[in-house]
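Student: Residues per chain, in single letters:
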Amino acid sequence: MAEKAAFWAETRVEGETAVLDLHGEINSLSDNALTAAYDQAETAVPHKIILNFAAVDYINSTGIALIVGLLARARAAHRPIAAAGLSDHYREIFTITRLSDFMEIQ
Amino acid sequence: MLVDEIPPKMFVTCFYAVLDPANGRLRYANAGHDVPYRYTADGVVELRATGMPLGLLPGMMYEEKETTLDFGDYVLLYSDGLVEAHNPEREMFGFPRLQELMATHANGDTLKEFLLDQLAAFTGPGWEQEDDVTLVTLQREKRLETGDWRSTKISNLQSLVSNSPIEFEIPSAPGNERLAMARVAEIVGDGLPATRLEKLKTAVAEAAMNAMEHGNKYDPDKPVSVNVFVDETAVRVTITDEGGGAPLKPSTTPDLEAKLAGEQSPRGWGLFLIQNMVNEMHIRQDSQHHTIELVMYRTDRQGE
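Going down the list, the protein sequences come from chains A and B.
The opening position of the first sequence corresponds to residue 1 in the working numbering, with each subsequent residue numbered one higher.
The opening position of the second sequence corresponds to residue 1 in the working numbering, with each subsequent residue numbered one higher.
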């Protein structure tokens, strides 16, 4: 029996930084919720966006693609983007995929 | 070749089979050997294929047959020393007796001991062995239902090391790669250091997702078959779909700059990730299946 994907995101603004607190698993089913959270973060016109992965337990290759999409949007807006709360395993995946070359890993 | 060299009136029997452990498919031919038996839930059947013994006549052709072992089936290969053994009354052990005994014994792992006990009881004490008695069994593990997984945890890796691969299937549905990942992690347990197990889990999830999405098109009637084998040096996982024919795209390093510039799809990370997670990745395919084999060495020293 398939386990239903569970993902949600909350956006908070701290000064000039918008933080997206991500929860659950990031896969193809996370697209709408992730995009909506990012849209909401942009409305604050932050100088920087932080993706907080501390409560994320799974990211698959489609999830990597979604993060690439967010990174592309941030770069197009000349807005720095950072990743926080990654486990050692996903930190390594961000290195292998070179995402860490384009976003600060905190 | 053998015909030219073998003494007159001599010959060699041979049963030749190729098993695909990923799906239980067994292709076989027989050159005059005693017909092997296959135990199934519905009874014991012969694996019959026509062919003369080797070395008798030149240019012989051999019939090639194929079958698929179901979960729980086993095959017995044996030499004639078993069925041609005699008891003190000069009765022969015989094929029917063997077939009947097998029908009462569902466990291929313990069949050899069972048959040898039966043979000893049949011949009685002091029996002088008349010919060689060789027994080989080949069992396809019973399928594990997803609901049974937690109750079948293997806590002692040594028992896994010395046994056959553990096989299970997952239905093709979005998100089910996590079932494959969790099950493999449960089987491997502490057979890998934690960091290497995390990498293997990611590789398994990606390979299972590929198999379900691209191979089986998320057809719920086409499960993905997963085999896990642990030996002294490595954990090997094979993941097989039913989407053979079309070759898998070779893995290339994704061009992140091009993806960020919108010149390439942001997707296309699967095979790249797999390759970077495990020590070896092998892809096989035939007209019906793709199989990805993942090999993770059990210690860093062997591969990194």
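Mixed in with the good hints, there may be bad ones.
Stated by the list, open to error - If you only want the chain A side, here are some residues facing chain B, beta carbon under 7 Å, derived:
1. Ile64
2. Ala65
3. His78
Claimed, not checked - Covered stretches of chain B, going by a simulated chain A footprint (3 or more residues, C-beta under 8 Å):
4. 173 to 184
5. 255 to 263
Please keep in mind that the hints were generated in silico from the structure rather than gathered at the bench.
Ideal Cβ positions, reconstructed from N, Cα and C, are used throughout, including at glycine.
Student: None of the hints should be skipped; say for each whether it holds.
Tutor: Results for each hint:
1. Residue-level restraint check for Ile64/A holds (minimum Cβ-Cβ distance to chain B is 5 Å; threshold 7 Å).
2. For Ala65/A, the interface hint holds, since its Cβ comes within 7 Å of a Cβ in chain B; the closest pair sits about 4 Å apart.
3. At its closest, the beta carbon of His78/A sits 13 Å from a beta carbon of chain B; the interface hint therefore is violated under the 7 Å criterion.
4. For the region 173 to 184 of chain B, the stated coverage by chain A is satisfied: 7 residues place a CB nearer than 8 Å to a CB of that chain, which reaches the threshold of 3.
5. Check on the region 255 to 263 of chain B: 5 of its residues sit with their Cβ under 8 Å from a Cβ of chain A, so the three-residue criterion for coverage holds.
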